[in-house]
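S.K.: Based on these hints, arrange chain B on the given structure of chain A.
Protein chains in written order, with full-length UniProt numbering: chain A, 1 to 187; chain B, 1 to 807.
Each hint should be verified, as a subset may be incorrect.
[Unchecked claim] Just so you have them, the derived chain B footprint on chain A, three or more residues with Cβ under 8 Å:
1) 48-58
2) 99-105
3) 137-146
4) 150-158
5) 172-181
Simulated from the structure, these hints should not be mistaken for laboratory data.
Note that beta-carbon positions come from the ideal geometry of N, C-alpha and C, so glycine has one too.
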Amino acid sequence: MIRSEPPALLTGSFSQASLLRLYHRFRALDRNKKGYLSRMDLQQIGALAVNPLGERIIDSFFPDGNLRLDFPGFVRVLAHFRPIDDEDPGIRDPKEPEPLNSRMNKLRFAFQLYDLDRDGKISRHEMLQVLRLMVGVQVTEEQLESIADRTVQEADEDGDGAVSFLEFTKSLEKMDIEQKMSIRILK
Amino acid sequence: MTYRVGEAHSMGFQVFVPFSPWSWLLLLVALKCPEASSDLNESTNSTAQREPNVRFAAAGSEPDEKISVFALDYDYVQIPYEVTLWILLASLAKIGFHLYHRLPGLMPESCLLIIVGALVGAIIFGTDHKSPPVMDSSIYFLYLLPPIVLEGGYFMPTRPFFENIGSILWWAGLGALINAFGIGLSLYLICQIKAFGLSDVNLLQNLLFGSLISAVDPVAVLAVFEEARVNEPLYMMIFGEALLNDGISVVLYNILIAFTKMHKFEDIEPVDILAGCARFVIVGVGGVFFGVIFGFISAFITRFTQNISAIEPLIVFMFSYLSYLAAETLYLSGILAITACAVTMKKYVEENVSQTSYTTIKYFMKMLSSVSETLIFIFMGVSTVGKNHEWNWAFICFTLVFCQIWRAISVFALFYVSNQFRTFPFSIKDQCIIFYSGVRGAGSFSLAFLLPLSLFPRKKMFVTATLVVIYFTVFIQGITIGPLVRYLDVKKTNKKESINEELHIRLMDHLKAGIEDVCGHWSHYQVRDKFKKFDHRYLRKILIRKNQPKSSIVSLYKKLEMKQAIEMVETGILSTAAFSVPCQAQRIHRIKRLSPEDVESMRDILTRNMYQVRQRTLSYNKYNLKPQTSEKQAKEILIRRQNTLRESMRKGHSLPWGKPAGTKNIRYLSFPYGRPQPAGRDTRVAELTDNDSSDSELPSIMFKAHSRAGILQESRLTQEIIPMKSLPRGGKPSHFGYQRNTSQEEHDGRGRRGALRPKPLFHAVDEEFESGEESGEETSAIRSRWSGEHRPTRQHHRSHSPLLQRK
Chain A
1 MIRSEPPALL
11 TGSFSQASLL
21 RLYHRFRALD
31 RNKKGYLSRM
41 DLQQIGALAV
51 NPLGERIIDS
61 FFPDGNLRLD
71 FPGFVRVLAH
81 FRPIDDEDPG
91 IRDPKEPEPL
101 NSRMNKLRFA
111 FQLYDLDRDG
121 KISRHEMLQV
131 LRLMVGVQVT
141 EEQLESIADR
151 TVQEADEDGD
161 GAVSFLEFTK
171 SLEKMDIEQK
181 MSIRILK
Chain B
1 MTYRVGEAHS
11 MGFQVFVPFS
21 PWSWLLLLVA
31 LKCPEASSDL
41 NESTNSTAQR
51 EPNVRFAAAG
61 SEPDEKISVF
71 ALDYDYVQIP
81 YEVTLWILLA
91 SLAKIGFHLY
101 HRLPGLMPES
111 CLLIIVGALV
121 GAIIFGTDHK
131 SPPVMDSSIY
141 FLYLLPPIVL
151 EGGYFMPTRP
161 FFENIGSILW
171 WAGLGALINA
181 FGIGLSLYLI
191 CQIKAFGLSD
201 VNLLQNLLFG
211 SLISAVDPVA
221 VLAVFEEARV
231 NEPLYMMIFG
241 EALLNDGISV
251 VLYNILIAFT
261 KMHKFEDIEP
271 VDILAGCARF
281 VIVGVGGVFF
291 GVIFGFISAF
301 ITRFTQNISA
311 IEPLIVFMFS
321 YLSYLAAETL
331 YLSGILAITA
341 CAVTMKKYVE
351 ENVSQTSYTT
361 IKYFMKMLSS
371 VSETLIFIFM
381 GVSTVGKNHE
391 WNWAFICFTL
401 VFCQIWRAIS
411 VFALFYVSNQ
421 FRTFPFSIKD
431 QCIIFYSGVR
441 GAGSFSLAFL
451 LPLSLFPRKK
461 MFVTATLVVI
471 YFTVFIQGIT
481 IGPLVRYLDV
491 KKTNKKESIN
501 EELHIRLMDH
511 LKAGIEDVCG
521 HWSHYQVRDK
531 FKKFDHRYLR
541 KILIRKNQPK
551 SSIVSLYKKL
561 EMKQAIEMVE
571 TGILSTAAFS
581 VPCQAQRIHR
591 IKRLSPEDVE
601 SMRDILTRNM
611 YQVRQRTLSY
621 NKYNLKPQTS
631 EKQAKEILIR
641 RQNTLRESMR
651 KGHSLPWGKP
661 AGTKNIRYLS
671 FPYGRPQPAG
681 RDTRVAELTD
691 NDSSDSELPS
701 IMFKAHSRAG
711 ILQESRLTQE
721 IIPMKSLPRG
731 GKPSHFGYQR
741 NTSQEEHDGR
751 GRRGALRPKP
761 LFHAVDEEFE
771 SGEESGEETS
781 AIRSRWSGEH
791 RPTRQHHRSH
801 SPLLQRK
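Bound-form chain B, shown alone:
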């Protein structure tokens, strides 16, 4: 495998052969260098190529030696071996980190990774080992950085992002610029002071340093104050900043490096600066443009992959990577390209690909980015413990100080301006949180590490300063931000609330969440509506598959739900006894004196078992995917609702049952489309009692049941169940009883499953089951609402209205 590596200091493009990301391992074999050095030299290639040959040559050239039964050949596997060990070590550390459940709330996971890295570095240094290859610019920019950025773009919640996009662009863009230039200029002024011995650091170098040190990674701290229920716009600001920040600082970095190379400082004229600004804009916008194009192409391709679903993840990853590389070819911003690609692609790809592919994509993305980040942190740790440092008190301290000062200035100034234009301005509290979450991460370190030594004679000082800033921000700010946020929230904590209060508080939280759901998301309707119309009319037709094959999915669902239903019955949840109304006569007054321990245990029971309030903000964890506990809760709630409905049915609120088959239930379908609902209770009457299935023949009622439950995929289920129900009456109560089980598993993913198209099956029975359609429409509407995204409900409405108008 040949790979020609360009000069380390040329930020321009190197000739390369595009190959899959995992061959970087082989690349490292090629680049294995004996000393830990940050410079690349061409000689490494030749040594590398010689070595594999050496091994095989040895076998041939020494025929007279005895065959050794047991031999050790560490050199051959050293690099992959050690890299794998590092990754494993970091993973083990993460497992340990999460085992102690309080730790993730105390410190960001980056802390842990840095510690592991420092440990590895210490070991390597201590054993005076030949360190495995260190990072160089090609490896970093081509292999380590894209997965991280891709993951950030893919998991970003799109609706809040676009709602706040003005503020995000304003803040991330200008903030990065202000920080970079502010820090650079202030440091330059400090360097002018002769006493510090820094006068050889010129303006450009300072500016470059400013740009790389201003790259923040605040997402790392998101996990820390998650429970403080940060509000959604704030969440999005932090997210958006992290997303765009890397891109912007890399663009700045490249531009400034180009400046450094091209001119001496005195030659730079205003026209060059203008050209620089123009370049900045073009690079950014061009990158986004590329990303969007590639996103659409890949979405289009996934439309046709239903028969070979195994390559769907491959397409997703390859196209994203390709967008990055294509943008890099033209000196555009690959980071912004890959981000834009991920954001564009996500919506359509998720609807097109099969469920397993979707899961694979998610997990693989997390895995890749996790590996990348781990490696970067380990490199960082290895560099920390070593001899190549230059400690300059003045530079380092002032760097720290200026970082904080300029971040504060940019936060408060920029938000002051953007608050004038926002409907819901950010409070000072929010701004403080944003200020304090300016934690640096792997990005700054990489950029510092990759500074070309020829242009930056004092590179070591920069690296040291960067390391100090990273350590400081990650550890000190990362650990203290949790308490700070909790303090700012001014919660009345540490006060033991009475059981009364706990119950009422939880009730109010649920109530508030429910009313918020009724209110829905408020946004700029016009723009969003226009986009939705455009999207629906053109984009979806092109990019989304027709006629989703449903059979495998439906059967899978039914299998899963039957299983769960059986489990629940067996654990006694669905037994009617649990829900029977207790006799009021019993236990009218029982004033029991309860001991404090009883009260304590009651409180304990309550806190542990009360349902959690649905979080409106997505809980994003950089290193994990969302746990599935809320789904179990949702299942229970929905099943319970169905049961209570069934109970109320049993008590005789129902319409008369047991009509002969001949009437075909027309009387129940007594609300044709558009007529007001009859007495409210009738709409509750939706249940077939399974015991009475012999009397009933009302699959239609079943549809109402579905509509009530608002379950995701039930519309698909109904289609399957109709034919079964219209079979002999004996009916399969099992189907009835359990089909309502929610498909809450992966509700976040499933919720975006393909659009419902009315099947011919449905048509065939629609004369009989008029209300079926209505609820069919409703169920699909439910699903579309449930997905919480801006799924055009009109689409379903429209697709069903022709059906209904036939009445």
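Pulled out of the complex, with its shape left as it was, chain A reads as follows:
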């Protein structure tokens, strides 16, 4: 079930040392030495359990209803979080697919955390669900709903009551995504 991507995309993006470390980490997480990771393995990372978005983050490792996460899949997800290289993007061959850690792909990754049904839009309902996850219990349902309304309303430009990916990127154009979604140690 590995999506066909040029292997260079995976190995080329990470350094040897980082790949080795990631492999060690993969092995350490794979408690029963199955050779792949299951959901349960990721759920045992205690810190994820108290992350409000823990379940969704785990889901993002298992796209398309997969049950097993092999090492290339693991690396592929983590590749999104590599810091963006400082090289001049103009040199890059435009025919090659965009590297996984480009701004667009990072945003796409974040987008799919909201968009559970994968319809390419964040509906108000989905926004509300995310809000509920991230906010403490003192906030009432009405307040949450009005906040969700407002959020969708701010970003929605074509008035369909949902936020498409383009609208999403537009609303975040001023934000420093590269810094927010990059993990230093993955360089």
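M.R.: This is chain B only, laid out in the frame that chain A set:
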């Protein structure tokens, strides 16, 4: 209480009777001297001894006086009284300091302590009061310094420390040396200039001054830029430097004092200098060695104290103190010894001692060190306001200048070198922060104050210079470092973000933290793994208790969690209505025009109520222990997760329920160890609906629930709950519903609680609850992961695999 005090200038060891640290109060009674003087003289003993006698003698020698109904005797209690007043005053000031919540972010707490000290000094000076006893070398080195160092060593996060230990040793060790000699030599050159009138200050004295002024206390400023989310290695550099710096400067100080005493300057030969260097190394390494030995001994002893847990804190403190004293006996570095002892002891002691002892140790340590530091600062304040100063413009200004210059040189040079060897080099920004955090503290002052006057005729000048440097660095650097760090972070502040952005930013922060957790900590695996293996195979067997008594802890947990669960239900959190999926049909399009105030209030709600991102770096506050707000947040998150899981269960994703008892649920235990998980949803299916408890008989599912939640102590809970569940079906939904409540309280402490050993209980039911073990193993694995330390997960794995292999 007799105490023979040696000459003040002998840094050698004085004969003493070991007694508990609190008898220093009585010591002060013995040392009470009428004038504020920095010299000790032997006569004080005799006066002191006479005075208590005087009081009692008076009663006997004047029988013809009338009995006075009301009399005042201040002299008797003066010293303890005033010392207590000082401490109380400082504590009140701290309370006030923290009440205004913005202050701690603006200035380090040392500022506050200095101000209080200066105030007290001013009062004493103004009222021309007989100042209470001032500090002398014995009091300082024997009583005031060890608690401070012990606290520093105990609260140090061990994993990051050892990950960065190369850089830390390189930086702290060489940095202190470079600073000391650099400042000393430059000042000596300045002293040669006749115009400043300093030509009687020779090289050794300058070097000594350099060594004492280079002792920095950067931890004091950590609290100031905490919110700027300093990255972990930087944090550790600052911490490590503070930790080792005191030790190194004291060692240098002692060596140089020995030099000063032993030879005239001209007699010093190269062989002496070599001997000095060798001595330096031996003193350092020997101190660490002593500390480690004592750490292991005390860890070993705590293994046997389960029946008398009240003496556990005593053992911890006494052994640490003993390591300090033992090292001092041999002229080794007591500071490094006590630090090493604390670091070694911590891991094992925390697993062995009872929870209450653990809390006691933490708090008592903080308290002792806080009292020590307060007293030192007050002494400092008292000395500031007084007549014994000598102001020499040239010396003082050049001292300030050279301190900064040499610190900059040492930072940039040393980090340039160490960056070549680091995987994640320090940026220039980081180096600037390290440079600027070179705030001096109480250590320098004490060392300056304790300079023997006979060897240092110009002692007053040194003291004044030290005071100036301290004041300058603490106030000016301490206050400006916060803004500097925030500026360096180049955050786009002061821009009102839209609600959209706020939400998305927070989401991304959570996402990033989550992915970082997935990546885990990266370190030099080989060394760490080797140590972990060694630790697990030998050390833990020797040093850690077997068969932790669990009953009291488990019942305590259950009590606490039931209570919290009840509270939460009552406040409506667990009501299903809150989590029901709203009908999509309602409110499809409601484009409401919102007024700016509404938007404002929305933003407000968001900022106040959104969950905070889990901090990976420990938030260390020198003067407080970590507040517990994150635990409440974690509880809510976990409860909510369980509820959503329960909801999804209710919607019928479940496997068929209600099988007759006879089958004993074997079909649910359909994934024996090693087989791939069936459809992902099944693993979510873990919930018993409490309403349906009459149908269900699946405590095993409960275990899966536990494994999902990744709670700390639930494995212990499961063991208790199994027997209850296998009782008649009516089941105790209360247990079910609430046992998942997290034991997040003191998660940092509890996380290191003793290893899980499979209880016989567990064995008895394992045929039925096969998946129970799996999750039992997982839960213990969760816990071990959760503790975030390098707890060997293999241990649990191994301890459970025999169980599982029996299948």
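S.K.: Taking the numbered hints from earlier one at a time, note which ones the structure violates and give those numbers from smallest to largest.
M.R.: Violated hint (a single one): 2; every other hint is consistent with the structure.
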